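Colleague: The residues making up each chain are set out below.
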Amino acid sequence: MSLKHTVPEEPRAPSLVPPAVAALLSLLLPGLGQALARSLRRGLLLLFSFATLGGLLAWRIRLAAPRDEGAVAIARKAFHLQPFLLFNALLLLLLYLWIAWDAWQTARRTEGAPVGIFALVLVAFFAVGWQVGGIDPVRFVTQLDEAGPPLMRVLWPWERAIEYPQEVQIVKAPILSPCTGEPFAGGQPKEGEPYLLTDPTCGNPSEQDGTPGTTFTLRGFGLEPNSEAEIWWEDPIGNEFRQRQEGEYVTVQTDAQGNFEVQIVMPYRLLPPSAGEGPKIWTVEARQVVSVGKPQASKELKLAIEKIIETIFIGMMATFFGILLALPVSFFAARNLMSASPFTLVIYYLTRAVLNVIRSIEPLIWAIIFVIVVGLGPFAGILALTVHSIAALGKLYSESIESIDPGPIEAIQATGANWIQTVRYAVVPQIIPPFVSFTIYRWDINIRMSTIIGFVGGGGIGFLLAQWIRLLDYRAAGIAVWFIAITVAILDYVSAEIRARFV
Amino acid sequence: MLEIRNLTKIYDDGTVALKNVSFTVPDGEFLVIIGLSGSGKSTLLRCINRLIDPTEGQILWNGVDLAQLEGEELRKVRRQIGMIFQHFNLVKRSSVLTNVLTGRLGYLPTWRSLTGRFPPEDIQRAWQALERLGIADQAHKRADELSGGQQQRVGIARALMQDPKMILADEPVASLDPVLAHSILQRLESLNREDGITVLCSLHYLDLVQRYATRVIGLRQGELVYEGSREDIRQMTDAQFKEIYGEEAERIGAGGGITGSIEEHSARGGAA
Chain A
716 MSLKHTVPEE PRAPSLVPPA VAALLSLLLP GLGQALARSL RRGLLLLFSF
766 ATLGGLLAWR IRLAAPRDEG AVAIARKAFH LQPFLLFNAL LLLLLYLWIA
816 WDAWQTARRT EGAPVGIFAL VLVAFFAVGW QVGGIDPVRF VTQLDEAGPP
866 LMRVLWPWER AIEYPQEVQI VKAPILSPCT GEPFAGGQPK EGEPYLLTDP
916 TCGNPSEQDG TPGTTFTLRG FGLEPNSEAE IWWEDPIGNE FRQRQEGEYV
966 TVQTDAQGNF EVQIVMPYRL LPPSAGEGPK IWTVEARQVV SVGKPQASKE
1016 LKLAIEKIIE TIFIGMMATF FGILLALPVS FFAARNLMSA SPFTLVIYYL
1066 TRAVLNVIRS IEPLIWAIIF VIVVGLGPFA GILALTVHSI AALGKLYSES
1116 IESIDPGPIE AIQATGANWI QTVRYAVVPQ IIPPFVSFTI YRWDINIRMS
1166 TIIGFVGGGG IGFLLAQWIR LLDYRAAGIA VWFIAITVAI LDYVSAEIRA
1216 RFV
Chain B
669 MLEIRNLTKI YDDGTVALKN VSFTVPDGEF LVIIGLSGSG KSTLLRCINR
719 LIDPTEGQIL WNGVDLAQLE GEELRKVRRQ IGMIFQHFNL VKRSSVLTNV
769 LTGRLGYLPT WRSLTGRFPP EDIQRAWQAL ERLGIADQAH KRADELSGGQ
819 QQRVGIARAL MQDPKMILAD EPVASLDPVL AHSILQRLES LNREDGITVL
869 CSLHYLDLVQ RYATRVIGLR QGELVYEGSR EDIRQMTDAQ FKEIYGEEAE
919 RIGAGGGITG SIEEHSARGG AA
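Listed in order, the protein sequences are those of chains A and B. Sequential numbering of the first sequence, starting at 716, is according to this note's numbering. Sequential numbering of the second sequence, starting at 669, is according to this note's numbering.
Think of the hints as simulated: they come from the structure by calculation, not from any bench. Computed from a prediction, not measured in an experiment: that's the story for all the values here. It cannot be assumed that every hint is accurate.
[As the list claims (entries may be wrong)] Reference listing, derived: stretches of chain B covered by chain A, where coverage requires no fewer than 3 residues with Cβ under 8 Å from a Cβ of chain A:
1. 723-734
2. 743-755
3. 760-774
[What the hints assert, rightly or not] Partial selection, computed: residues in chain B whose CB lies under 7 Å from chain A:
4. I720
5. Q878
6. T882
We put the beta carbon where it would ideally sit given N, CA and C, even for glycine.
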């Protein structure tokens, strides 16, 4: 919004209409009053602003209540759902009134054109932007709490970096069904081993019609402390199934000594006739996943290491190929070297145009294109970054070629040297420092880019990161983030060192 | 013998830099070209070794028209013509020795020169040239570490490496103080006298012109307006001088005792 155009350089001619009429006309059509008060540009600008704001507001209101019919219903629903729209509407109303007042003022005077009204226009536009952007600082603050735990997992993910080999430990106790009147031993205490005790040790399963079976008090001793155990059954014919109670699987929590106690109802189980008649032995089980053996690097850690190495090499290879191809290209894109004849000048313009087009397409989009060509994986990423590097480096290189001192070129040419000798002795020595500098800069960018090129399937750690974030595995994602940060920091340091040496 | 016939240069933007210039330079001459900045001195020198292509006219050097040469033939002629520049035009980041050695590029096969390894005899030649110009002790320094006078001596050494029959010097001392100016011109004079190299040199300082020139030509707005021997310029009149340097120019001092730049002093003095 250029405010300075609204300030006329000389006094305006007197208004065509009296102030009151101007105000009324501006109420009819915002800006009309100003236009007739010989302030046409101001009027047009205000009309345009008002119309744009009005259109935007109408669109946002309609978007907020897409299924309603009738203006009133739509507005009511929209203002109810998104109260901020009300504020937008009030601003627009204020602007409408101010435009009318401004028309009165403009018609009354021939000098001065206050710019306050345009400040209001700006505020109204920002308010629309605020609404369109869904900006909600309150949510940002209130939901920061909830985001805390996942964020903490990202910030300190290292629990996920180690794991223990695990196995399922099963503790069993036999149950006799039905009871025979004779005492049945059931589970027995064992020294130094986990065991289950049931009370009673015999009973009846639930019936098909819903009659509950015997309720057992199941007690476990010496299991893995402070962890979960699942209750399972093995029926007389050897089928294993989980204990359900009220539709839920039964899971118990062991205490610090590894003991637990739970009431379970013996479940219903249809046994085939071949199982035979008479009392049979059922088995009730407590199953736990327990860690055994030494801690070792987790699968996620290994994957992350594997992929960060791949990432670094993607960046390296892309930079290498980029330099290799950008070098010759840059000579074709340097005007001072190519202005010798119309033919070379055509090559120059062509090269420049192609470089500009390539450079204007982001590496991520190149990656998507190359994934289509060569499939998922690091090669697609390398191709994408290479192409973008050629364009970027080609431009930077050619610009440093263009900015070299032409004196030595003239001098070397004057010795009878040919074109390639002139490049070797007059151009190359001058461009080595900027080339080294730009190359390192590009290397930095490529390493950074290679960490995210995987988001679109271009290989490297980005692929893992995207996957883990989508799986809500924030700890694993945190490992990837840490690796990226460490790698980028190290390479920053390395490139700064190289720069200090060579430039 | 160098013979310039009807040389005209019109730049792409329409500027007429040289208008029908003709003159002859016998071998072994120290020809000084005088004239205001923009009078066409640099264009003239650059037309001779074809750093600039003339629009019309002939540049006959020992019977060969340089204006018609292209490619390999042009380069073979160029390597016999050394050139020295006002701003030295050394490759600043390269060593003094390398800068001097580049004077041999015209004689070396391309593949050989690209490696950066020059033949031992060329390196020996470079040391001799540096020795002759008194800067052998600077050989391994970067060119931009040297003072202006030393850099210009490197420039002369580079030209010397070409085994030149002719040296074009485009205001070789305009960036140097008067003491250094004499030192540089003395070296050019020695090349001219001892080695018989024809020298074409543009200068601003009248006392330098009078001291070193064996012949003088004056350019004004691209036209040859003066031609005279060393004796002629010693007896140069104000009228002649004004014709070269413009109506507003005033000669400072008189006779052989003139110091300072004709162009600078007189042009400004006139304008004030």
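Colleague: Could you tell me which of the numbered hints above are not met by this structure, giving the numbers in increasing order?
Modeller: 1, 4, 5, 6
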